[in-house]
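Trainee: Chains P and Z supply the protein sequences, listed in that same order.
Under our numbering, the first residue of the first sequence is numbered 1, with each subsequent residue one higher.
Under our numbering, the first residue of the second sequence is numbered 1, with each subsequent residue one higher.
A portion of the hints provided could be inaccurate.
What the hints assert, rightly or not - Partial list, computed: chain Z residues near chain P (C-beta under 7 Å):
hint, residue
1, G35
2, V68
3, Q200
4, T203
5, S207
6, L208
7, R210
8, K211
9, E215
10, T227
11, K234
Read the hints as simulated data drawn from the structure, not as lab findings.
Quick caveat: nothing in here was measured; it's all calculated off a predicted structure.
We put the CB at the ideal spot given by N, CA and C, even for glycine.
Read off the chains here:
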Amino acid sequence: MSDSTAYFFWDLGQYLINGITQGSIYALVALGYTMVYGIIKLINFAHGEFYMVGAFTGFFLIHSGVPFFLAMPLAMLGSGLAAVIVERLVYRPIRSAGRIPALITALGVSLFLQYLGQNLLGADPRSFPDALGTKTYYLGELMISSTQIIIIITTIVLMLFLRWLVTSTKIGKAMRATSFSMDAAELMGINTDRVISFTFFVGAALAGAAGVLVGMYYNTVEPMMGLIPGLKAFVAAVLGGIGIIPGAVVGGLVLGIAENLVVGFWVSTYRDAIAFGILILILLIKPAGLLGKNTREKV
Amino acid sequence: MKKTLLTVFLALGFVPTLFAANNEIKIGAVFPMTGPIATYGQESVNGIKMALEKINKVGIHGKKLKLVLEDNKGEPVESANAVRKLIHVDKVTAVIGSVASSNTLAEAPIAQEAKVPLMTPASTNEKVTKAGDYISRTCFTDDFQGVVMAKFAFETLNKKKAALIVDNSSDYSKGLAKVFKAKFTELGGSIISDEYAYQQKDTDFRSLLRKLKREKPDVIFLPGYYTEVGLILKQAREMGLDMPFLGGDGWDSPTLQELAGAEGIKGNYISSHFSADDADPLVQGFVKEYIKRYKQKPGAMAALGYDGMLVMADALKRTKKLSSEELKATIASTKGFIGVTGAITIDSNRNAQKSAVVLETTAKGNIFKQKVNP
Chain P
1 MSDSTAYFFW DLGQYLINGI TQGSIYALVA LGYTMVYGII KLINFAHGEF
51 YMVGAFTGFF LIHSGVPFFL AMPLAMLGSG LAAVIVERLV YRPIRSAGRI
101 PALITALGVS LFLQYLGQNL LGADPRSFPD ALGTKTYYLG ELMISSTQII
151 IIITTIVLML FLRWLVTSTK IGKAMRATSF SMDAAELMGI NTDRVISFTF
201 FVGAALAGAA GVLVGMYYNT VEPMMGLIPG LKAFVAAVLG GIGIIPGAVV
251 GGLVLGIAEN LVVGFWVSTY RDAIAFGILI LILLIKPAGL LGKNTREKV
Chain Z
1 MKKTLLTVFL ALGFVPTLFA ANNEIKIGAV FPMTGPIATY GQESVNGIKM
51 ALEKINKVGI HGKKLKLVLE DNKGEPVESA NAVRKLIHVD KVTAVIGSVA
101 SSNTLAEAPI AQEAKVPLMT PASTNEKVTK AGDYISRTCF TDDFQGVVMA
151 KFAFETLNKK KAALIVDNSS DYSKGLAKVF KAKFTELGGS IISDEYAYQQ
201 KDTDFRSLLR KLKREKPDVI FLPGYYTEVG LILKQAREMG LDMPFLGGDG
251 WDSPTLQELA GAEGIKGNYI SSHFSADDAD PLVQGFVKEY IKRYKQKPGA
301 MAALGYDGML VMADALKRTK KLSSEELKAT IASTKGFIGV TGAITIDSNR
351 NAQKSAVVLE TTAKGNIFKQ KVNP
């Protein structure tokens, strides 16, 4: 094997590692989008801000000396509670008004939280404490950092937990029932308001976990940090088939890997253009997303 | 109740504007007080306010300067809106601002059309002052900055093979890269041809840096802003890219040290406008007063804001009727104004001719390396 072919495979491996790490983050955030959409058909544009809330909660906790393995669940709790409060105060009163008003409200909440963050915390990016001491491991020419390993493992654990929650618990069953038909679920004695609150909580907690992981990975948190990953995660959710939980994971990974391959093998300038080009192509071929079923609209 | 509200409204809003017409000169300011380059805006305004206090102790033709500050969030569209508001609603005599060249470029045509002088204390892109004769600046341009760094890389550091990483969303970054490339090749160095580019707000540079590492450059020119530069430096050092990175004044913020970490920051060099370590008594006096007021060392933007405001006040003093038309001419005729960022002379293209400093970045702050005259 010639040098350049060997380089090619080493580089490919490296781009895949980087892509899977980035994709895991997108996937964690995308899960919240897809769960909320699945249950009340709302595209919650404020979802990226829960990721920011989680990152800042983690930031302040770790700064005040709380160990990482405790700070992480607390940050998830923080962003989850933020989402429950937003849902109760804003989304619930407007739920009956239809989908467009709810969508606009979500955009408003997103902007409100961003600028509230800037006002309270200042606009300057802050450096996230290196709580675990990053180490880099080498495998031939491949490099993987301890943070990357933590991100990938945490993502897998959280996803397995989510799968268990949705398929094997009572509340999971209630979530699926509410998603299938809210009226029918209510007639069966399910408290749908509580189920919706819970869905918001779980989705935002996952985003909060992603926020803490990202803070560690990139060493930075700032009030606007949710904007771009929020959009990308929304794209990932649509790519995988919005409303379908495994779809969010697949979509996130595809997007993360595609971005890194474009940067590595092609021109970095075109990263988003090509990544989103792929998205459009996939949606042209499969309009319901990678894992979506094409269902006919019932009249 | 309604009546009280009306009275309050009148007292707050209406009356001061009546007074303003008599004993105040309104100067508009457009700076990024929030957003990704917020420390630049905040520092600049700190410097401006310090200068204002000094100016207002004496006054200009019996009047005091009043600053009307608008936040542009570091975005071109917001900048254009802010300038339009300052000129048409607040009726300011002149505008000072902004920092990022892409912002000032969005402001310039509006000020030019309204015939209101716009002076930027910190935007270094060549195109800025080409918008017309009402637009000027009190800092040097990227042509000068790029040349300084290309010469420093080739002659002082003795590096021959350079790579460029460019912020594609910034006119400043692209302009600086172009000048560096031209000068470095002219001196006999080579530039890695591939394009390495990123966008503002990007956070992951690992794949880009991996690709760059394969090319084995011995120096990297990275003319970006500190938010992304900090992350790039950190990720680059983690990946074993230990050659020096060079940058421009966009690196000059204490936040960079924090984001890049101790490993990422050391052994890199930047060109800038000002060094707080400069032994000049004028500079030391400024540094001392600044620390007293704001409890932190002034960065380049604070010094530039301070000088910019003083140059504008000096030009206002030389007008007879304080009109915008006259001010345009007196700004352009500024010669050898001694500021904390060097002696400022406005040339025929309304750019400032002045010296630059090269600083070495370390975990404890930037260290003065050399001063380069035009």
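Trainee: If a hint holds in the structure, say so; if it does not, say that too.
Mentor: Status of each hint after checking the structure:
Because the closest C-beta pair between G35/Z and chain P is about 6 Å apart, less than 7 Å, the hint holds. Nearest Cβ of chain P to the Cβ of V68/Z: about 21 Å, over the 7 Å cut. The hint is violated. Nearest Cβ of chain P to the Cβ of Q200/Z: about 10 Å, over the 7 Å cut. The hint is violated. Evaluation of the T203/Z hint against chain P yields a held restraint, the C-beta minimum of about 5 Å falling below 7 Å.
Here the hint on S207/Z is kept, as its CB sits about 4 Å from the closest CB of chain P, short of 7 Å. The closest approach between the C-beta of L208/Z and any C-beta of chain P is roughly 5 Å, which is under the 7 Å cut-off, so the hint is satisfied. For R210/Z, the interface hint holds, since its Cβ comes within 7 Å of a Cβ in chain P; the closest pair sits about 5 Å apart. For the restraint placing K211/Z at the interface with chain P, the shortest Cβ-Cβ distance is roughly 5 Å, inside the 7 Å limit, so the hint holds.
Here the hint on E215/Z is broken, as its CB sits about 12 Å from the closest CB of chain P, past 7 Å. Hint status for T227/Z relative to chain P: holds, with the closest Cβ pair at about 5 Å, below 7 Å. A distance limit of 7 Å between C-beta atoms decides the matter here; for K234/Z the minimum to chain P is near 6 Å, and the interface restraint holds.
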